[in-house]
Amino acid sequence: MVRIRRFEEKCAELYSASKIRGFLHLYIGEEAVAVGAMHALTPEDNVVATYREHGHALLRGVSANSIMAEMYGKQEGCSRGRGGSMHLFDAAARFYGGNAIVGGGLPLAIGIALADKLQHRQRVTACFFGDGAVAEGEFHECMNLAALWKLPVLLCCENNLYAMGTALKRAQSQTDLSLKAAAYGMPAWPVDGMDVVACQEAAQRATLAVRSGEGPCFLEFRTYRFRAHSMYDPQLYRDKREVEEWKKLDPIATFENRLTTQGVLDDAKMKRIEDEVASEIEKAVAFAEAGTFEPIEELTRFAYSAEKPE
Amino acid sequence: MKITYREAIRQAIRDALIRDQRVFLMGEDVGAYGGCFAVSKGLLEEFGPDRIRDTPLSESAFVGAGIGAAMNGMRPIVEIMTVNFSLLALDQIVNNAATILHMSGGQFNIPLVIRMTTGAGRQLAAQHSHSLEGWYAHIPGIKVLAPATLEDARGMLWTALEDPDPVLIFEHGTLYNMQGEIAADAVPVEISKAAVRRAGTDVSLITYGGTLGKTMLAAEHLAASGVEAEVVDLRTLRPLDTTTILDSVMRTHRAVIIDEGWRSGSISAEISARIMEGAFYELDLPVERICSAEVPIPYAKQLEDAALPQAATIVATVTRMMGGHG
Ligand SMILES: Cc1ncc(C[n+]2csc(CCOP(=O)(O)OP(=O)(O)O)c2C)c(N)n1
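Line by line, the protein sequences give chains Z and W.
Just so we're aligned, residue 2 is where the first sequence starts under the numbering used here, counting upward by one.
Just so we're aligned, residue 5 is where the second sequence starts under the numbering used here, counting upward by one.
In short, the hints are calculated from the structure, not lab data.
Where hints are given, some of them may not hold.
Interface residues of chain Z toward chain W, partial, derived using beta-carbon atoms under 7 Å [what the hints assert, rightly or not]:
id	residue
1	Gly-112
2	His-121
3	Gln-123
4	Asp-268
Take a look, some chain W residues computed to stay more than 10 Å from chain Z by CB distance [said to hold, decoys possible]:
id	residue
5	Asn-76
6	Ala-130
7	His-142
8	Lys-147
9	Lys-197
10	His-225
11	Ala-228
12	Glu-232
13	Asp-245
14	Arg-255
15	Gly-282
16	Tyr-303
17	Met-326
As the structure is a prediction and not an experimental result, all values here were calculated from the model.
Beta carbons are placed, not taken as given, at the ideal position from N, Cα and C, and that holds for glycine.
Take these sequences, add in the hints, and give me the full structure.
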C-alpha cells in the first residue's frame, strides 16, 4: 500500500512538472482493495484492469521502472510508450491491460476465463472495474455470461461512490451493487474496501470458490478515492467534509495503527519500508528519465503483426 | 463437386475445428438452431456445446469474450447474425480488437475471426440490409474480407484463422444459396490480394462480395456489344490491394467502382482517391461510382431494387462512358 501511495504521489508531482502528460487517474485512498484482492492470486492468474491501474500493475509484478517509463512515453515502458498511464500491459505478468472504456474490460475477462476453462486450466481471472461500469449494458451482458457459463472470474467492483462527478445514488436505481450481481445467480457480497485485511479475506474466500469451478464471484469493495477523478478535476461535485471524513479511514494509516498496537510494526520497520519504497521510486524516475523515445519510423509498428506469433 | 456458398463456409468451419483444438465457434443460434443462415447446421452434434457455443443476445459481451479468448490462447470464430447487430459490439471491435496489439507495444495478439452477414436484396428492410463493411475498412488494426466466390468462402476462413490479427469476414446474405463447382481439395487462399475475375481492355469494373455476380453479368452483357470489361474482385477491403487496382486501370484507362455501401464517405470513395493518386494521367475519363441510393434500404421490392447497384445500371454507365470517348 505504501509503495502504491508513494509511487502515485510521485506521479502527481511529475504530472505537475509536465513530465507525464495525458490523463492520470490516481488510486490514492483505494490501495487496500487491490492489495487485498491481488494477495489471493497466483502468478498464473490473469488480471484485467481499468485506467486507474498503476497499483494493480505494480502488485502484479510489472516493474516500477517500466510503468514509470510508460508514463514518460518512453520505449522502455511496459507498452513501449504507446499506452501511457491508462494502458499498462504486461504479457509476462499476465496483466491484460488498463482499459479506458468504462466496462470495456469485462468482456475481455469473460473471454480470458473462457479460454482457461476450455483448456482445463485452474487459473482465475480477476477483473477490476468501478461502480460507473455497473450502469453500462456490457456489465449486465457479462454478469449473465459469467454466471451462465460458470466462468472462473473474480469480479472486483471498486465502488468509490463516484463515476467522475456522478454520485452512485444519482446514477443507480439500486445502490447496493452486490444485490445486482446476486440477481445473476452468483455469490456476491460487500467488503469494507478501506480495510486491507477484510479485502484480503474476502478475496481469499471468493478466489477459492472460483478456483474450485463454482463459477464467478462478485465482490463489491466499498472504498473512496481521496484525490480528484483525474488531474483535471476541480471536484465541484463533492463536499470537502465528506473527503475529510473518509480520510479518517485511510487504509494505510489505520492498518499501520493496528499493526503498531499489535506490536508487529514499529517506527524503525515503518522507516525501512518507506526507505525501500523511496529508493525504488527514485530509481524508476531515473530509469524513465534515461529512457529513449521510439523513433518516428516505428509509428505504425504493431498496428498489425509483423510475423506470426506462436 | 457441386456445393453452395453456405456449405463451403460450413466445410471451412468444420475443417478448422478438426485441424485445431483451439478453434471454437460462438454466436447467437449457431448451435441448437443450426445457425440463423444454416451455416453451422450439424456442427453442434458433431463437436458439442463447448466448441459450438450458443450465446445469449449479448453482442458486445460475446465479441469481447472472443477477443479475450484469443488473447489467452484460443482461436475463436465469432459469428454475428448481421452487420447491423455488430454495431452493438462496435466498442469491442474498434476499441479493443483493433487497438490492443498496438497499445500493448506488440505484446498481445488477437487471432480472432468474426464472421457476419451483410448486404441487401432479400426485402428485409433497413435494419437487416445495410452494407457497413466499408466502415470497418476504415479501421487500422483489423482486416476486412469479403468472399464472393465458393473458393474464397471455403478458403478464406483458414487463412484468417492463421492470421495473428483480428479478421472480419463479411458474407453477403444473397450468396448463401449460390451453387457451383468447387474442387474437393480446395485449399486455403491468399487474403491480401485482389483477383481479376475477368480480363478486359476497355474498362475496369471494381467490386467485391455481393455485387461481384451482378458485375460479371454486366460484363458479359457488355461483351455482346463489343466492350471488354475487366472485373476486379477486391476480396479484401482492408488492407486494400492498390497494386492490382492500379494495374487494371493502367490497362483499361477507365474505372467504375460498384459498391453496395452508400456513396458518401465510402470504400468506393477511397478506391477512387487511390486511382486518382496513382493513375491520374492514365485515365481517359473520371472514375465513376455505382453505389446504393442514400436512403435506409427499403422493404418494397421495387424500391429495394432501385436502391441497390444493378447489372443494368452498370451496363448503362459503361455504355455512356464508352460512347463519350469510344
Ligand atoms: C464508455 C465510457 N464512457 C465514458 C467514459 C468517460 N469516463 C472516464 S472515467 C469515468 C467514470 C467511471 O467511474 P467508475 O467506473 O466508477 O470508476 P472510477 O473512476 O471511480 O474508478 C467516465 C465517465 C469512458 N471512459 N468510457
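Okay, the hints, checked on the actual structure:
| no. | hint | verdict |
| --- | --- | --- |
| 1 | Gly-112 | 2 Å, holds |
| 2 | His-121 | 11 Å, violated |
| 3 | Gln-123 | 14 Å, violated |
| 4 | Asp-268 | 42 Å, violated |
| 5 | Asn-76 | 4 Å, violated |
| 6 | Ala-130 | 22 Å, holds |
| 7 | His-142 | 13 Å, holds |
| 8 | Lys-147 | 8 Å, violated |
| 9 | Lys-197 | 16 Å, holds |
| 10 | His-225 | 40 Å, holds |
| 11 | Ala-228 | 44 Å, holds |
| 12 | Glu-232 | 37 Å, holds |
| 13 | Asp-245 | 15 Å, holds |
| 14 | Arg-255 | 30 Å, holds |
| 15 | Gly-282 | 20 Å, holds |
| 16 | Tyr-303 | 28 Å, holds |
| 17 | Met-326 | 40 Å, holds |
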